[in-house]
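*Asks:* Please work from the sequences and hints to get the whole structure.
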Amino acid sequence: METVISSLSSALVLSSMYILVSLGFALLLSIMGILNFAHGAIYMVAGYICYQFSVELGLNQWISLILSVVIVGLFGLFLEKFCFRPFLKDWFRAVVMTIAVTLIIETTVNVTVGVYTRQLPLFIPGVFKAGAISVSAERILTFIAGGVLLLLLTWFIRKAKMGQQMLAIAQNSEGAAFQGIDINRVSAIACVMGCALAAIAGCLMGALFQLSPYAGDSMLLKAIQIVILSGIGSFGGIVFAGLIIGFIDAILPLLTSGAITQTVGVGIIIVLLLVRPQGFFGREV
Amino acid sequence: MSEQQLSVKKQSRLVKPAIYAAVLVILIILPSIIQSSFLMYVFTLTLIYIIAASSLRTIALSGQVSLGHAGFMSIGAFTAGVLGQRFGWSPWATLPLGAFATMAIAIIVGYPFARLRAIYFSMISLFFGIGILSLISVFQKYTGGENGLVGIPSLFAGSYLANYYFFLGLTVISLLILWRFESCRIGLKLKSIAQSHLLASSIGVDETGYRVMALAVGCFFVGLAGAGFAHYNIAISTSSFNLIASTNLLIYVLLGGIGSFVGPIIGTVILIIIPELFRSLKSFSPYLSAGIMILVIFLIPQGVTSLPQMIKGWIIKLRESRYVNHDARN
Amino acid sequence: MKRRKQLILLVSICLVLLVTLPMLTSCGNSKSEENVVTIGAPVDFTGSSSASGQLVYEGIQAVEEYFSQQGGITINGQKYSVKFTAEDTKSTADGSVAAVKKLVNDDGLKIIVGQSTPYQISAANTITGPAKVINGVMYNTMTPGELGPDFPYTFLIGGGGAVDAVTGLLTYGGNNYKDIKTVTIIIPDDGQIPYMEPVVKKIAEAQGWTVLDTIGWATSTVDFTPIAQKALAKNPDAIAMTTGWPGMIGSILQLVRQAGFEGLVMGTNPAEDILAVAGAEASTNYIGIGDTPTDPNLPAKAKEFGQIVQNKFGHCLFYNLWACNAYYTIVGIVEGAQSTDPTAIKNYWENAQAIDSIWGTCPMGGLETYGVRHDVIMPVPICGLTNGQATFLSWQEITVP
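Chains as they are written, first to last, in numbering that gives the first Met the number 0: chain A, 0 to 284; chain B, 0 to 329; chain C, 0 to 400.
In case anyone wonders, no lab produced these hints; they're calculated from the structure. Check before you lean on any hint, since a few could be wrong.
Ranges of calculated distance between the beta carbons of each label pair, as one might list FRET restraints [what the hints assert, rightly or not]: (1) B:Q34 / C:P129: 51 to 57 Å; (2) A:I123 / B:Y141: 44 to 50 Å; (3) A:L87 / B:G208: 31 to 37 Å; (4) C:G313 / B:L23: 39 to 45 Å.
Under the rule of at most 20 Å between Cα atoms (straight-line distance), these lysine to aspartate or glutamate pairs were calculated in the EDC-like manner [said to hold, decoys possible]: (5) C:K82 / C:E334; (6) B:K281 / C:D105; (7) B:K281 / C:E63; (8) B:K140 / C:D105.
Note that CB positions come from ideal geometry on N, CA and C, so glycine has one too.
*Replies:* Dropping the structure here:
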């Protein structure tokens, strides 16, 4: 019984971590219709930047996080101008462009600081214990951050004017332009937000997992899995998708070997997709 | 049409086959120009990947862009590898067997997958590519999992020259078959399905059936490429067929230009051979690949195969402007 | 704007052709130079292992500089300079095949040193075996394709593989932690478990320990919480990880400490790396393998190389020394064999009584474990973490039958 409770709690925490990681990617895909394959690299580099400020330069870690988010968010402007704006109608080429950007970012990090073993110090030390549940405070922080950001994002899409404008552009960009929406400006803001969300995830997770130039690859995959499962266009679905994938990753390894875990996990996703291709709550594309 | 125009037309019809013939001749005498057996190895691998990339394009023609093509390649590779290395079957048997096994699996999963529309097919193929590798790892006892298989029997006892000509022949034949498939009636129907599936179904074309056929044909050849890879490389591991490999195949096709049959060929050649020549870059070689991608995407939007048309366009414009100037001066 | 684009395009295509065409024809025309011993090095410059790959390359450059300062080596009265050629393996099996083919077929090298991942080693053996090229591998996980009588030219030179490391680690644990009775072992589930598990069990039982469980983990695992939970499920006195990278071993350490486990944790990574990952609070009661390059008790040769690396690159990490060790040792073996012919080197190496490495003089062994006497048995540097401090503990001499 004890192991069941502790497994459930760790599954819950893992789910929220995956949700946190996928928010930026989901924003750009669902709202702007942009497949940002550079999401993983951005996530990764944010962790390194935070490390640079906090450990190498000695600044307060929270301030380093904010700095990192700002810098990486501004990088979103660059992404929008050079990767997405030139290829608005041609998502293939935009994807290849983001892959090229990923290669450049990963290689640069690799040849500069890739050789050092690094992990961000815990933002919040300590372990939270309640009966059979024992979770580190850091993970609880990420849990809360994931939940709060998801709620904020959902509110933003539903209620905020900018969010509505983004939705309009995704659904019909010409119509949106006719309405007087400045597509370039709104897209740029969306990219900044997407990158900033990736950066927050990168910094927080950088305290839980070792920083490595290629850490973004597996996280990108998780984000893609979650967004596909939840359905493009839905944020509520992200909760369900995150829970499913988080539970699979947290509980299955306890029961079977590593290879079987992955096979079963992917199998479940494939079956779910076959039954309901547009994900849980996605709109038809 | 005037005599002049007719002869011009005749000339332009001869140009393309002439180029292909010239390329073929060069490829045949290549081993005598290139001294390096390592480069021969790279070229032979490129041939194998050309088959894989071209087959990806064939599937994409039916509106299904597969992001898990390397996963299908691994089916061919591991079928050939396990049968060859663990059970001692002859490579001449396992090569076609790998292809057929991949085609069989493609048909099995093709039916449920083909019902999905474009972007959903891509997603599910992405997961399939990952899942098939995990499935292969589950049977570690036979497949070696990530550590893979080593010591797979090779064709022609590993002779570089023989393998090169064999794969050259195999690639040419495969490309011819894919080309025929694309331009024959079935292929045209496939393209029409991709264009508008509503229209196609309204004239009674059985979409799903044709899509499965495209998937089956494409996967047959990528399975062939996979089995060829296993027998040529002698060592395979699931790490050679992961998501990155699938994305690479897609990039080869896109770089060359998805609109043209030779697109994947050019893309594969550029993206495999150039980085191999610049090995001295060591840790910095991904910069080169990224640079190539960016260059091509920005400067050649339709892919490298649109280059001849672009150049033609410039030449025409150049002539026109000279003509205009000449006129204006008068 | 369009004109400019077209111009750039034209120029870049011309540049590419100009550069690549000559390279196509010049490849493979390497002339064998006089009086140079060239050793090939397949290195993971790109891909998932590129972190250690870059450190290995730094070690290679340090060793090259060392021998050039020494004026080279002497073979049969002749002075030979020592050069290394490194090729990228891209951290994959076929990248490894390509790199080794380039070194062996194109550059005609007779000695290569550097593979450290099982599938890369097996892949390389398929080329070096028939070509009768000495293949000095840096690691081993007991899978059939890596080392054995089928590969007469493959030797283990990196300070042994998983078996040597685990022997050192567990022997030290057994000698210094007398209250351990039960242990859980954690092995990567990449195909090595059927081969490693029996060997590790034997080593653990030699310490008087009972192995409660063997936990396998997929190398693609991101979050190790379930692995940690499984490891603690049967309440072992100690946990031993036979291989892994700091992100994994450090993560497990952090997780088990957070769950309240206070027993000994054994891993194969250096203490500093684990400290960086697990954080000061969890970093206690851990023993690992590695030595701080600044440790004053380092053997003299190791200190010398540490200095060279520090001067050249501004840092020196344990993996730099690990690489320096392998490449320094191979050169010494060539000199000991007094020949550049692989068969002569192989015969000398197999029967040598003492091999010179930067950790000191080492015996050869491994006949029973691997089927060939091809393992350079180097002492295992044991380091540890106590209350957030990384310290070097001692050199553990081992025997590998």
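*Asks:* Does each hint fit the structure? Answer for all of them.
*Replies:* Status of the hints after comparison with the structure:
1. B:Q34 / C:P129: 51 to 57 Å: Given about 21 Å between the Cβ atoms, the range is violated.
2. A:I123 / B:Y141: 44 to 50 Å: For I123 of chain A and Y141 of chain B the Cβ distance comes to about 47 Å; the hint holds.
3. A:L87 / B:G208: 31 to 37 Å: Given range 31 to 37 Å: holds, Cβ gap about 35 Å.
4. C:G313 / B:L23: 39 to 45 Å: 54 Å, violated
5. C:K82 / C:E334: 14 Å, holds
6. B:K281 / C:D105: 17 Å, holds
7. B:K281 / C:E63: Measuring from Cα to Cα gives roughly 18 Å; hence the hint holds.
8. B:K140 / C:D105: 35 Å, violated
When each numbered hint is compared with the structure, violations occur for hints 1, 4 and 8.
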